[in-house]
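Engineer: Given these sequences and hints, build the entire structure.
First to last, the sequence lines map onto chains A and B.
Note that the numbering used here has the first sequence beginning at 18, numbered continuously upward.
Note that the numbering used here has the second sequence beginning at 700, numbered continuously upward.
Hints are computed from structural coordinates only; laboratory data are not their basis.
Every clue listed holds true.
Computed spacing ranges between beta-carbons, pair by pair:
| hint | chain 1 | residue 1 | chain 2 | residue 2 | range |
| --- | --- | --- | --- | --- | --- |
| 1 | A | E254 | B | L1036 | 52 to 58 Å |
| 2 | A | E254 | B | A956 | 54 to 60 Å |
| 3 | A | H245 | B | A1033 | 57 to 63 Å |
| 4 | B | I720 | A | G119 | 39 to 45 Å |
| 5 | B | S1012 | A | E397 | 40 to 46 Å |
| 6 | B | L809 | A | E111 | 53 to 59 Å |
| 7 | B | I830 | A | R424 | 33 to 39 Å |
| 8 | B | L809 | A | E354 | 42 to 48 Å |
| 9 | A | E397 | B | I720 | 17 to 23 Å |
| 10 | A | T470 | B | A1033 | 30 to 36 Å |
| 11 | A | P399 | B | S1012 | 30 to 36 Å |
| 12 | B | L1036 | A | G292 | 36 to 42 Å |
| 13 | A | P399 | B | S831 | 26 to 32 Å |
| 14 | A | E354 | B | I830 | 54 to 60 Å |
Some chain B residues close to chain A (C-beta under 7 Å, calculated; not the full set):
| hint | residue |
| --- | --- |
| 15 | S706 |
| 16 | G711 |
| 17 | D713 |
| 18 | I813 |
| 19 | V990 |
| 20 | V994 |
| 21 | R1042 |
| 22 | Y1046 |
Residues from chain B that keep clear of chain A, each with C-beta distances beyond 12 Å, as calculated:
| hint | residue |
| --- | --- |
| 23 | P728 |
| 24 | V731 |
| 25 | I800 |
| 26 | V804 |
| 27 | M843 |
| 28 | N860 |
| 29 | I869 |
| 30 | W889 |
| 31 | R900 |
| 32 | L907 |
| 33 | F910 |
| 34 | L911 |
| 35 | L924 |
Glycine included, every Cβ here is placed at the ideal spot set by N, Cα and C.
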Amino acid sequence: MLHTLLRSTGERPGIFSGGIEPEMSKITAHAPISTSLIAPIYILPIKQHIGEACTPIVSIGEHVFRGQKIAKSQGYVSVPVHAPTSGKVVKIEEHAIPHPSGMGLPSIFIEPDGNDTRDESLEPISDYRERDPAELRERVRLCGIAGLGGAVFPTFIKLLKDQRNPIETVVLNGIECEPYLTNDHRLMLEMPKAIITGLDIIMHMVGAKRAIIAIEDNKADAAEAIRHELDRMPEMEHVEVRLLPTRYPQGSEKQLVQVLTGKEIPARKLPMHIGVLCQNVGTTRAIFDAVMRGRPLTERIVTVSGDAVPRPGNMLTRIGTPMRFIFAQHGLEHFQEVHLLHGGPMMGERLKSPDVPVVKSTNGLLAMHSKTMMDAHKVEQPCIRCGHCGVACPVNLVPNLLADQCRNEQFEKAATYNLFDCIECGACSYVCPSNIPLVHYFRYGKGQLSQITRAKGFANASKERSEAREARIEREKAERAAKRSKVRTEHMPKPVDENPTDVKSSAEKDDVSTDAKGDES
Amino acid sequence: MIINLSSPHIHGGDSVRMTIISVILALLPAAVVSVYLFGWLAFLLITLCMVACVATEFIALRMMGRPATPVGDGSAALTGLLLALTLPAYIPWWMALLGSIIAIVLGKQLYGGIGYNLFNPALAARVILLISFPLNMTTWIIPMHVAAPMIDLYNFSDCINLFLFGPEAIGRTLDAITMASPLGHIKTEWSQGIGVTEALRNYDYSYLDAFLGREAGSIGETSALALLIGGIYLLARHTISWHIPFTYLTTVLVLAAIFNMVDPAHYAPPLFHLLAGGLILCAFFMATDPVSSPVTSTGRIVFGIGCGILTWSIRTYGGYPEGAMFAVILMNCAVPLIDHYCRPRVYGR
Chain A
18 MLHTLLRSTG
28 ERPGIFSGGI
38 EPEMSKITAH
48 APISTSLIAP
58 IYILPIKQHI
68 GEACTPIVSI
78 GEHVFRGQKI
88 AKSQGYVSVP
98 VHAPTSGKVV
108 KIEEHAIPHP
118 SGMGLPSIFI
128 EPDGNDTRDE
138 SLEPISDYRE
148 RDPAELRERV
158 RLCGIAGLGG
168 AVFPTFIKLL
178 KDQRNPIETV
188 VLNGIECEPY
198 LTNDHRLMLE
208 MPKAIITGLD
218 IIMHMVGAKR
228 AIIAIEDNKA
238 DAAEAIRHEL
248 DRMPEMEHVE
258 VRLLPTRYPQ
268 GSEKQLVQVL
278 TGKEIPARKL
288 PMHIGVLCQN
298 VGTTRAIFDA
308 VMRGRPLTER
318 IVTVSGDAVP
328 RPGNMLTRIG
338 TPMRFIFAQH
348 GLEHFQEVHL
358 LHGGPMMGER
368 LKSPDVPVVK
378 STNGLLAMHS
388 KTMMDAHKVE
398 QPCIRCGHCG
408 VACPVNLVPN
418 LLADQCRNEQ
428 FEKAATYNLF
438 DCIECGACSY
448 VCPSNIPLVH
458 YFRYGKGQLS
468 QITRAKGFAN
478 ASKERSEARE
488 ARIEREKAER
498 AAKRSKVRTE
508 HMPKPVDENP
518 TDVKSSAEKD
528 DVSTDAKGDE
538 S
Chain B
700 MIINLSSPHI
710 HGGDSVRMTI
720 ISVILALLPA
730 AVVSVYLFGW
740 LAFLLITLCM
750 VACVATEFIA
760 LRMMGRPATP
770 VGDGSAALTG
780 LLLALTLPAY
790 IPWWMALLGS
800 IIAIVLGKQL
810 YGGIGYNLFN
820 PALAARVILL
830 ISFPLNMTTW
840 IIPMHVAAPM
850 IDLYNFSDCI
860 NLFLFGPEAI
870 GRTLDAITMA
880 SPLGHIKTEW
890 SQGIGVTEAL
900 RNYDYSYLDA
910 FLGREAGSIG
920 ETSALALLIG
930 GIYLLARHTI
940 SWHIPFTYLT
950 TVLVLAAIFN
960 MVDPAHYAPP
970 LFHLLAGGLI
980 LCAFFMATDP
990 VSSPVTSTGR
1000 IVFGIGCGIL
1010 TWSIRTYGGY
1020 PEGAMFAVIL
1030 MNCAVPLIDH
1040 YCRPRVYGR
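Structural biologist: Structure below.
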């Protein structure tokens, strides 16, 4: 009741509206990070981030070192891909990536030579405070770092020191509100120093004066570890560790900023527009490795969990490792009657097969028995309009009305009900007593709406083109008519025929010929 | 089974069936009190309505060629229970049967079944019965424990004879075993020029009796206590939200208090309004029916206030003594409009 009252009062730090408290099942919270064995093969898709795909720059048979760039970025929103170990490029061909459709992407296959020799071409930068932020930013880009929380947006783009939108506060996101996942938890617990130094690098790059490390209270030990480390670094006294009550989806950027600052990120704006920069703790460690040790992003921590995994745990895994190889190290070898998830159970994707590689966005690999999955025995029933979905929605949508509109193909109406503000957290589907896959409808609606908008843009463009053409024809016709009448008046002082229809018909004849010409060209 | 590759992949475990069962559980205290007050008559009425509703739903689904699985969700049984609780203890059996059929066929299946009905089916059926049979629907059996009864309602054979064959079968006239409800009484007295204070005095009205349920009225509506127990259970279980019951009851109380202060002879006191008739049943069980009420919190507040204003107005100025069910039915019509205009402010906008 108190919670409801507080929530309804709007802007207030510590609270975001809606949200749920799912069974957290963090069974791997006490499992120390282990290190994966070298896999027999590594598969590196050329696009593992949001943005444009990379171009391979190695050829088949070429020997590569660990950390060597093997695919270069193209365009601004893109980061390169690096070899996870030393070995030989054996083939470059399409291979399935972690995606529910089982779709594929061109991938580089590397067969390890077993020596795991590093490419040492990047110098460690230990005096980062003396360096130009632009130089560090280039380092972060070169090292292929993308948001490791799961969104994989190229990190260097966010690390821009922008005079128009100065960053006041850096928020380190150690919330990890997804059930099962514990990779950020273990990282904070076991490598607090790397995270704090990474944070200092970020603060130097964007010129921020203040930082908050946000952690949910089911990870009090991680918060303690970070506080302990901070106490030993007097120069980091402007960094605050904030322990927040556990509530899903607090780790979502919009909700976390609201909780910490009481401010909302305006629609279609970024956190930097209100002076905030959010970084995931895993990404921060990657930045630390890139700057302080000159190591590109070739590994990440993955939580391997779920009730079908005999020995669940957290594992430091090379990017490109086949998932079957990871599961095997945790005792899972047979995949009948087992559902595989890439990411957490609330926002992760269902995988068709374990024969896909770990990519930069892989924060968790879950294997669940069919019976624990949502759809095992459930059938979608009619909505009884109980409104639980609206109460759970962290962005205050009315999910059941939106789902109706998407189902009835009233996409434009859905857009006016703010369909595109949905963050797809899944809280509505989680609480729905009728088992309606609301988020699924929203994804469908968004897809259809984007197509409609594209088609409309195309139609508008061709309409503009045809109008411009008609205007040109009209103008030319008028010019010709003017010229002709001028000729006539010059040569025939007394016009024989002043009937304008004649002029018009001759103009029309011209029009036909220009039309034909126009079509040919 | 649906093949759903889309997240989320886990579910909170809430279900329509559990929601409906919780409402039926919440109505149990009121049902028990109704049997205590009206004996076998209440038992027969509740049984008939529930069985008739479930059977009608089954037959209706079969006739439409649809799978009969929705019968299992318990919503038809709930409709039957709710309908029975809003009926007077004695109405001819065929009227109760007709009401049940109307509730399921006209109130629910014609709209497309569960989730699609515009009105609360039980309430719609009760309104249709009231308009069709105004005399029977406002004839209230004197409950047990009120006065020396002319008929022993705990006697099964008397009750079943009355229920099936009418008062003549047990050698009584209807007038001998019935009395006016408090709301009906003050309305009649007012029409004869007698003020509310006077009318309540000559009715021998007691707030405690009204709270506990020892008064004439529909079998499940008389006991405010039993209904409040159920209502609080539903609130605690989050089956319903506080918005509709709170704003509905508060609006009636505030309106009644203001007008009662202005002219106590004409306008009944607020507590009387609160405890009388079907207000508490409507506020906790009818107006909160999720299907036919708004989905947003703001919408529910608007809905509750609207129900309150209409209930008080119909009771005070209307031709019928009781207005709660008309108020809810009228506000049901406004739900799509309310839903459209009462959406919460979206994050960041």
